[in-house]
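Work out the full structure, taking the sequences as your base and the hints as a guide.
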Amino acid sequence: MGALGNCFVVFLLCFFSSFALAIRFHQVLWDEDQEIAMVTLGGVRDVENNQNSVEIEELARFAVDEHNREENALLEFARVVKAKEQVVAGTLHHLTLEAIDAGIKKLYEAKVWTKPWLNHKELQEFKHTGDGESASFTSADLGAKRDGHETGWRAVPTNDPVVQAAANHAVTAINNMCDCIVTLELLEIQHAKAAVE
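Going left to right, the sequence shown walks through residues -22 to -1, 1 to 175 as mature numbering (1 follows the signal peptide of the UniProt record, and there is no 0) numbers them.
In case anyone wonders, no lab produced these hints; they're calculated from the structure.
Below, simulated DSSO-like cross-link-like pairs (lysine-lysine); rule was C-alpha separation at most 30 Å, straight line:
(1) 84 x 60
(2) 83 x 105
(3) 105 x 93
(4) 83 x 99
Now the in silico label distances, taken between C-beta atoms and shown as ranges:
(5) 74 x 163: 36 to 42 Å
(6) 159 x 137: 29 to 35 Å
(7) 158 x 84: 50 to 56 Å
Nothing here was measured: the structure is a model prediction, and the numbers come from that model.
Ideal Cβ placement from N, Cα and C applies to all residues, glycine included.
Here is the structure:
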């Protein structure tokens, strides 16, 4: 790869880091006199009035079923208490749900990553809210937790699925914005960082 290729790779890596972790897009549409806020890329937002929508309930049931399968548990889904979502090369759904464990209702937090265009659902995290597991590492947070870490930028694994998805999304976004003859293709992620604020 020549000097021009190396410069281009450096540019893309800087763009991916900035795009995926630092830059936030916010669009506002006006519908008559009502302001409708669009999704902030990478930001977690509440799912208003939809906690008990069919889609959210299906995701919560999926989370409980996957947890039961992975942990050989017997939790029974009861209801969704709260729902938030985050746009990350798909949607990461942050669900607070109630499930019955041995006849006792308990609260759990689950993160379900969906990519509707691929018909893909994946349970990223599932934990009882009463457990002291909040400091556990999951790929969804890329190791960029506040507890025990200084604020600022930290290196994260380039092979993490969330980093890979963000990089692929960035390449797709660049290709969509550019009126170029040649389209870009992601070859390798050489370095990735996450911001802890």
